[in-house]
Every structure is written in C-alpha cells, then in structure tokens.
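*Asks:* For the protein sequence lines, the chains are A and B, in the order given.
Residues 61 to 508 in this note's numbering are what the first sequence lists, from first letter to last.
Residues 2 to 355 in this note's numbering are what the second sequence lists, from first letter to last.
Hints are supplied without guarantee of correctness; some may be wrong.
As the list claims (entries may be wrong) - On the chain A side, residues computed to face chain B include the following (Cβ under 7 Å):
hint, residue
1, 163
2, 189
3, 293
4, 294
5, 349
6, 381
Everything labelled a hint here was simulated from the structure, so no lab data went into it.
Just so you know, even glycine gets a beta-carbon here, dropped at the ideal spot from N, CA and C.
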Amino acid sequence: MSTLGTTGTGMSGAGATPAGASSTATSTGTLSQAGSRTTSLGGFDPSAPLLQVSDLNVRFPTEDGSVHAVRGVDYALRSGEVLGIVGESGSGKSVTSLAVMGLLPASARVTGSVKYRGQELLGQSDRSMSRVRGKGVSMIFQDPMTSLDPVYKIGYQIEETLRTHDRSLSSKAAEARAVDLLELVGIPNAKERVRSYPHEFSGGMRQRVVIAIAMANQPEVIIADEPTTALDVTVQAQILEVLQTALQETGAAMVLITHDLGVVAGIADRVLVMYAGRPVEIGSVEDIYYEPRMPYTLGLLGSLPRVDSTSRERLTPITGSPPSVVNMPPGCPFAPRCPLHIAECDVAEPPLFQVGPAHNAACIRTDQVARAHGHAAEVFSETAQDVVLAAEVMPADLATGEGAREAVAPGTPPAGQTEAGTGRPDTGSVVGTGNTASTTGTTNGDRA
Amino acid sequence: MSAPATERTGGGAVQRGEPILKVRGLEKHFPIKGGGLVKRTVGAVRAVDGVDLDLYPGEVLGLVGESGCGKSTTGRAILNLQPATAGSVVFEGREIVGLSRKQMRPLRRDIQLVFQDPYASLNPRLPVFDIVAEPLIIHGLTKNDTELRAKVRQLVETVGLNPEHTNRYPAEFSGGQRQRIGIARALALQPKVLVLDEPVSALDVSIQAGVINLLDDLKNEFGLSYLFIAHDLSVVRHISDRVAVMYLGRIIEIAERDELFSRPAHPYTQALLSAIPLPDPRRERARQRIIITGDVPSPANPPSGCRFRTRCQKFANVLTDGQRELCMTVDPPLEERGTGHLNACHYAEATSVL
Ligand SMILES: Nc1ncnc2c1ncn2[C@@H]1O[C@H](COP(=O)(O)OP(=O)(O)OP(=O)(O)O)[C@@H](O)[C@H]1O
Ligand SMILES: Nc1ncnc2c1ncn2[C@@H]1O[C@H](COP(=O)(O)OP(=O)(O)O)[C@@H](O)[C@H]1O
Ligand code: SF4
Ligand code: SF4
Ligand SMILES: [Mg+2]
Ligand SMILES: [Mg+2]
Numbered sequence: 061m062s063t064l065g066t067t068g069t070g071m072s073g074a075g076a077t078p079a080g081a082s083s084t085a086t087s088t089g090t091l092s093q094a095g096s097r098t099t100s101l102g103g104f105d106p107s108a109p110l111l112q113v114s115d116l117n118v119r120f121p122t123e124d125g126s127v128h129a130v131r132g133v134d135y136a137l138r139s140g141e142v143l144g145i146v147g148e149s150g151s152g153k154s155v156t157s158l159a160v161m162g163l164l165p166a167s168a169r170v171t172g173s174v175k176y177r178g179q180e181l182l183g184q185s186d187r188s189m190s191r192v193r194g195k196g197v198s199m200i201f202q203d204p205m206t207s208l209d210p211v212y213k214i215g216y217q218i219e220e221t222l223r224t225h226d227r228s229l230s231s232k233a234a235e236a237r238a239v240d241l242l243e244l245v246g247i248p249n250a251k252e253r254v255r256s257y258p259h260e261f262s263g264g265m266r267q268r269v270v271i272a273i274a275m276a277n278q279p280e281v282i283i284a285d286e287p288t289t290a291l292d293v294t295v296q297a298q299i300l301e302v303l304q305t306a307l308q309e310t311g312a313a314m315v316l317i318t319h320d321l322g323v324v325a326g327i328a329d330r331v332l333v334m335y336a337g338r339p340v341e342i343g344s345v346e347d348i349y350y351e352p353r354m355p356y357t358l359g360l361l362g363s364l365p366r367v368d369s370t371s372r373e374r375l376t377p378i379t380g381s382p383p384s385v386v387n388m389p390p391g392c393p394f395a396p397r398c399p400l401h402i403a404e405c406d407v408a409e410p411p412l413f414q415v416g417p418a419h420n421a422a423c424i425r426t427d428q429v430a431r432a433h434g435h436a437a438e439v440f441s442e443t444a445q446d447v448v449l450a451a452e453v454m455p456a457d458l459a460t461g462e463g464a465r466e467a468v469a470p471g472t473p474p475a476g477q478t479e480a481g482t483g484r485p486d487t488g489s490v491v492g493t494g495n496t497a498s499t500t501g502t503t504n505g506d507r508a
Numbered sequence: 002m003s004a005p006a007t008e009r010t011g012g013g014a015v016q017r018g019e020p021i022l023k024v025r026g027l028e029k030h031f032p033i034k035g036g037g038l039v040k041r042t043v044g045a046v047r048a049v050d051g052v053d054l055d056l057y058p059g060e061v062l063g064l065v066g067e068s069g070c071g072k073s074t075t076g077r078a079i080l081n082l083q084p085a086t087a088g089s090v091v092f093e094g095r096e097i098v099g100l101s102r103k104q105m106r107p108l109r110r111d112i113q114l115v116f117q118d119p120y121a122s123l124n125p126r127l128p129v130f131d132i133v134a135e136p137l138i139i140h141g142l143t144k145n146d147t148e149l150r151a152k153v154r155q156l157v158e159t160v161g162l163n164p165e166h167t168n169r170y171p172a173e174f175s176g177g178q179r180q181r182i183g184i185a186r187a188l189a190l191q192p193k194v195l196v197l198d199e200p201v202s203a204l205d206v207s208i209q210a211g212v213i214n215l216l217d218d219l220k221n222e223f224g225l226s227y228l229f230i231a232h233d234l235s236v237v238r239h240i241s242d243r244v245a246v247m248y249l250g251r252i253i254e255i256a257e258r259d260e261l262f263s264r265p266a267h268p269y270t271q272a273l274l275s276a277i278p279l280p281d282p283r284r285e286r287a288r289q290r291i292i293i294t295g296d297v298p299s300p301a302n303p304p305s306g307c308r309f310r311t312r313c314q315k316f317a318n319v320l321t322d323g324q325r326e327l328c329m330t331v332d333p334p335l336e337e338r339g340t341g342h343l344n345a346c347h348y349a350e351a352t353s354v355l
C-alpha cells in the first residue's frame, strides 16, 4: 500500500506523454523569457516539483457542523505537465484550488501543506502570496468577470498585471506587451481592442482576455477552474486551443479542473478523480479512461452518453448522490452507491492503494474493478439499478440509511445536511428509510 | 414555402404516418425598445425566424444549437406560452397559433413542458404530493381523494421515487430527484407530447444518466413523443430518433440521428460535432478538429444571405469568390440537396467529422 507520495516519484516520466506536455519554453513566441523566470523568484528550489500539495484539508465552520470540504488532497505537479482534476459538483475541486492560491474566505480552516518549488505557501502573508500569484501560480476562473474589472479598459488591466511584477516597465512597453498577449489569445484587432471595456466583449472573448492576464507574467503554473464550462462548445474548442497554445509558448504546467471528461481526455497527462473531498483515483489519462480501478471512476465513464457511438446501449447511472461532507461516517464514502460494496468497506476509509505504475485508487476491491476493463456495465448492473431507482438516496442520508454501519445508529438523523441546501435536519431519517430498503435489495449477498 | 410533410422527416426511410405536431414558418420576434422618454420600437430580436419541424407519434426529435439560437423560444412558442409572431403550429390537425388561454386549456393536457432547472420550476412551498396532484385537480381528472392518492402514488413510482416521501418539500430532494418530480407532474395529465427544455443539463453526469434512462423508458411505455431541447449533443444522440440543428433562429439541418452524426452536411453541424470533446484520450488526440472563428452574431441583426457565413470555415477557406457571392446574397432554404437529408447550405457536402 502506498499513498500519493509514491505516485509523485513514479510520475516524473509524465512529461513524455502527448499534448500539452511541452515543457520546453524554447519557442519564439511573444511570451517566452524562459531564462529569467525561475531566477526572478529567488528562494525557490528549482529541483522540487513545481507544486506539491500534501494532506490538504479544508473545513468550513457552519451552523450544521463543520463542512469538511477537502479531506486530504495530495498531488504533485511537474513542469510542463497538465493535471486534470475531475469530479461531480461539490466534490471539492474549487475549494482545493482556492486553498492553493490562498484565496479562501477567512472562516476556512486549512491544514496540510502546499509547496511551490519547495517553499511552503500555506500560512504565508498576503504580501508574500501576491508575489507568487500571477508570477509563480496564476488562476483562471469559470466566470471571466471574477478576474476582470468592469470599469477599466482591457489593456489597462493587462498592463497593471505586468507592472505588479515589474515596476520598471515603461508604459509604452507595457502596452506593447498587452497587445502581444491579446494577439496570442486570438483577439482580432488587438491594437484597437486594448481600449475596449470587458462588457464590449462576448463571454468567449472575455475568457481569452483572462487567459492573457493569467499568462502575462509567464507563470509556471496555471490553475484553471472550469475555464470553459460557461461557454458554448464551439467557443470552448477555441478557448482550449488558446490555452494549449499559451502553455506551449510559456512552458507552464496546468491544473485543469472540470467536470467534463471529454475536455480532460484531450489535454491532460494525468487525471485525479475527486469524490467527497478526496482523491479516489489518480493515474495517467490512459489508465483512468481505459483501466479505471475505482468503481466511482468506472461509473462516471459508464454514465456518459457518447456522441461518437452508434449503439443505443443503456447508460449505467450511479444510483444515489454524493454524501454530505458534514460528519462523514467511517468507511468508504462511495459505499452507499457502490455495486461492489461489502461489509469490509465500512470499516475504514480506504487509502490510495498503488494499482500500477503511477496509478493509485482508493478502493479495497480494485481487482474486481480491473476485470471490467473500463466497461461499466460489467459492474453496474442494470437490474440492480432498477431496484435502487425506486428510492434514489439523498446525500445526507448516507449516514443514517446504512443499517450495516456500526458507527451510526440506524435512523439517527445526521446533524448537517447536503450542500444542495437541504438544511432540514428531519429529512435524513425519512429518506434514509428508503435507502435502507434499497440497499438491502441490491447488495444482499455482499451486505449480510 | 413549406414542403410536404413527408419531406420534413429529414429524408429517413421510415414511414411515420401523419405528424402529431407540425410547425411551419414559426417566428417569434422580441421588440427592442429605444431609449428616451417615449419607448419606441427600434428593431427586433429575431429569436425564432422561420422554423419548420414535424414531430411524429412516438418519436424523439432532438433540437440542438448554441446558447441563444432560439431553442427555448421555439419550445415556448409551440406551447403557446409566448404567442408566436407568425407561422403555424398544428397539433393533431388543430391550429394552435392564435388560440386564447381558454382555448388552449384542453390542449394543455396533451402537450406538457419540462424545464431545465429542477430547482426553479417546482414550487418550493408545496409538498411533492401537491405538486404532482395539482394538474389532476385543476383538470378535474380524479373523482375523489382516494383516487387522487392512488394516481399520485402511481405517478411518483413511475418516475422512480419513493411514494412514502410525497409529504416532503422539493428542497429535501437531490437535483435528479427534483427533475423526476417535474417529470411526474408533467405526466399527470397523460400527455401525448412532452417538450423537454434541457431536462438534464443541470445534473451531474452520474445522475443525469438515470433521468435519461427514465425518459427513454417512459417514452416506450406510454408511446410519448418528445421534442428534446438540449445543447449537449451526446445526450441528444443517445435519446433522439431524429435531430434538428438550429442556428440564429433557423433549423439549418435535420436528419435521422445516425445520418446526422455520421454524415453531417452543413458546415455548422460539422463544426459543432467536431468541437465536442470525446471522453476517449486516444480518439480525442487523433482527431482533426474544425475550429470555427468568432461568436454567434446578434439575432437582432443576422448576416445577409446565409446566416452562418460570418463563421463558416467553408466560406472562409474553401469557396471561390464567385461561390461566396451566393452565400452573401441568397439565404439558403432548408431542402434536400443530394445529401440524403434536409439542410440549408448552398454547398452542402456530407462529411464524417467524429
Ligand atoms: N423575452 C425576451 N425578450 C427579448 N429577447 C428574448 C426574450 N427571450 C429570449 N430572447 C432572445 O431570443 C434569443 C433566443 O433565446 P432562447 O432562450 O430561445 O435561446 P436558447 O437557444 O434556448 O438558448 P440557451 O441554450 O442559452 O437556453 C436570444 O437572443 C435571447 O436573448
Ligand atoms: N465558503 C464556504 N462555506 C461553507 N461550505 C463551503 C464553502 N465553499 C465551499 N463549500 C462547500 O465545500 C464543498 C466543495 O465545494 P467546491 O470545491 O466548490 O466543489 P466543486 O468540486 O464543485 O468545485 C461543497 O460541499 C461546498 O458546499
Ligand atoms: S471500497 Fe468498497 S464500497 Fe468503496 S469503492 Fe471499493 S468496493 Fe466500493
Ligand atoms: S451557404 Fe455558404 S456560408 Fe452558408 S454554410 Fe454553406 S458554404 Fe457556409
Ligand atoms: Mg467548482
Ligand atoms: Mg434555452
């Protein structure tokens, strides 16, 4: 058994994987000043992984109890690589990235470690974090207006970003760079458009501007949180191309967060799958898509309709919903939805076991999952699904519905509720009844 | 200008008899008011600008296109929730356009709408029982309380929810469950046609799959017809029998499902299909992608001639100046152009892009 530390070393070869992985910053593009980048941030260890996140935990105190939004995230990002982070809404993808950037609200309790080139970022003052932000690590959000100020011209905003890290830049040089950057991200007529305001741009154009700003100081790491989710698919294709060009030009590495398994398939070298605030599988993009070892990953792939498939095979949904991250019961958080669940799964939350070179999965039955070779229907059987369908469970009820779980008395409502805003403490017991019925119905043999 | 009904099937060989819903030349324009004290109309958003569609009994017709192309407006105009500016919508031989609310009442039973947002479309203050029972009560469809209870119970079970939970409020259900509640309510009046406007777009994939399977089952069980509006072409391919592609208020291509996905003939359909990322790393990386430039023009001021010409990769890179002239001056109608199905491109050519 090994936790992610092992994966970290195993993945040093990831740079050899295709697409996006061009770690060479040798291109003649407008952005490359490769030589000066690392030295300008003195004090950072160039041999360490660019970004090393270890045992990251984030808790939000709320009235219903502590929301444990991120529960032990580990990953390492090497130069030039693209790490995809996927997971359903509420799985902790955004909170993880905000924690890395030091952008969480003050109420958040963050523990663990986030190292940029060997230097600890957690607990840094705002002043020293702003030295890292933009120049070392920069972030792209889903909504471009998070990063743009509606009252300033686009050009001014790019120039300001440039000046933050280079006070000596003349205004003429700054403007020239702003135009270059807009050209890089494919804004036609860049010389004119620097004088436009954000509202004069469409959603896709604004996201291009945000990418230009994120790239302005040649960061070594870009964290992009659902950068194309708000966009139409044709515009998404444009933006993904721009992102890839920008990565090639600068040699930056990227953490790409998305719920779209298609987007990740195209540009990530490695993929981390999150569930209920934790990584449940991490591996090369091929491992994850063709040889997943965690039932949740397999289920996600099986529930996707495919635009390139002529067959009308039924989809294999995962029943129920993700658990609430308030007062998690012990055991595997995926257990209530898992067709391979056995009593042993409820004893302790499985750590990430190594299942292959640089491939880890948090499941005690990965050998069973392996037999499916990525075909979800082998594991997520249709008959079982129909039974459970009659009582799809609510997130909050997982704690109570499981009669088999010793830690929680059956019928005891959980203190807190789901992120979907189901703030009533009485719901748990009610829907939980259905859950008990359905789970016994489906996993009979396993559960006894 | 409208072609005979048989042609509107998109060229498939399957004979489907008479359409249950026949849409011809449908237009919905929203006036743009100018500034100043006296608000004068200075133009119009041509949200739907001449849509022709046929929906056959028992079929699923997918309606796809990018944000703002007029899909939802088409759906609402078909249901007469927003009166059409022009055109005709014939349901089972009866013209709907121009009917008053009262005249629509009996037809409401037959055509129901399911919304995208399961959070917003259910009354948060009503328990699920009341939400599902409401249409039954309004239309006086049950004789007594016992019958009402039995009917609601049956509907709730049909959509895969636990009938014990009908005293709960929408907020106490997950997104997928709420969408099921919306579907149960829509089914209460035993409609013939469901207009589903992005019914699974707000759901996570693992939950979306269950709702898609449910919709599939319901259609087969009750012989329903769906107008299935979505921007996700993977979902549409999965559930539809035929697919219509919309661009700037018009249908630009319509065909049998596999025909459309394997032999798209309109450059916009080709670009749209080519832009969808495949959740398959090897295939995705081996693909040639057609990337179209720019954004959708404003529906208040569509380009002359072919509406797609400002973004058309064929127009920009393939056609000669002489050929472009036609694109700029003549609005291509939706017709069969030797590609086996209807499309609206002067230079249509079936090509595989997936
Ligand atoms: N009530 C209204 N007043 C003015 N314009 C409107 C109104 N409703 C819709 N529109 C405009 O009509 C066009 C089509 O809108 P519609 O909602 O039908 O698009 P859609 O295809 O459903 O898009 P989406 O995929 O974003 O749901 C858009 O330009 C929209 O802004
Ligand atoms: N400021 C906050 N206060 C309390 N809970 C929060 C806060 N921000 C996020 N959460 C919760 O943390 C969990 C993870 O959220 P997030 O990282 O945004 O998910 P996603 O994977 O969709 O990006 C969710 O349950 C969310 O409701
Ligand atoms: S540990 Fe058990 S419940 Fe969890 S994913 Fe593996 S088999 Fe399923
Ligand atoms: S008519 Fe011309 S501009 Fe329009 S889609 Fe066809 S080739 Fe492109
Ligand atoms: Mg998020
Ligand atoms: Mg819409």
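*Asks:* Next, verify each hint and record whether it holds.
*Replies:* Against the structure, the hints:
1. Among the interface hints, the one on residue 163/A is violated; its C-beta lies about 24 Å from the nearest C-beta in chain B, farther than the 7 Å criterion.
2. For residue 189/A, the shortest C-beta to C-beta distance to chain B is roughly 32 Å, which exceeds 7 Å, and the interface hint is violated.
3. Given hint, residue 293/A at the interface with chain B, holds; its Cβ is 5 Å from that chain's nearest Cβ, closer than 7 Å.
4. Hint on residue 294/A holds. Least Cβ distance to chain B is approximately 5 Å, under the 7 Å limit.
5. Interface hint at residue 349/A: satisfied, since its Cβ lies 5 Å from the closest Cβ of chain B, which is below the 7 Å cut-off.
6. Using the Cβ-Cβ criterion of 7 Å, the hint placing residue 381/A at the interface with chain B is satisfied: the shortest such distance is roughly 4 Å.
In summary, the structure is inconsistent with hints 1 and 2 from the numbered list given earlier, while agreeing with the others.
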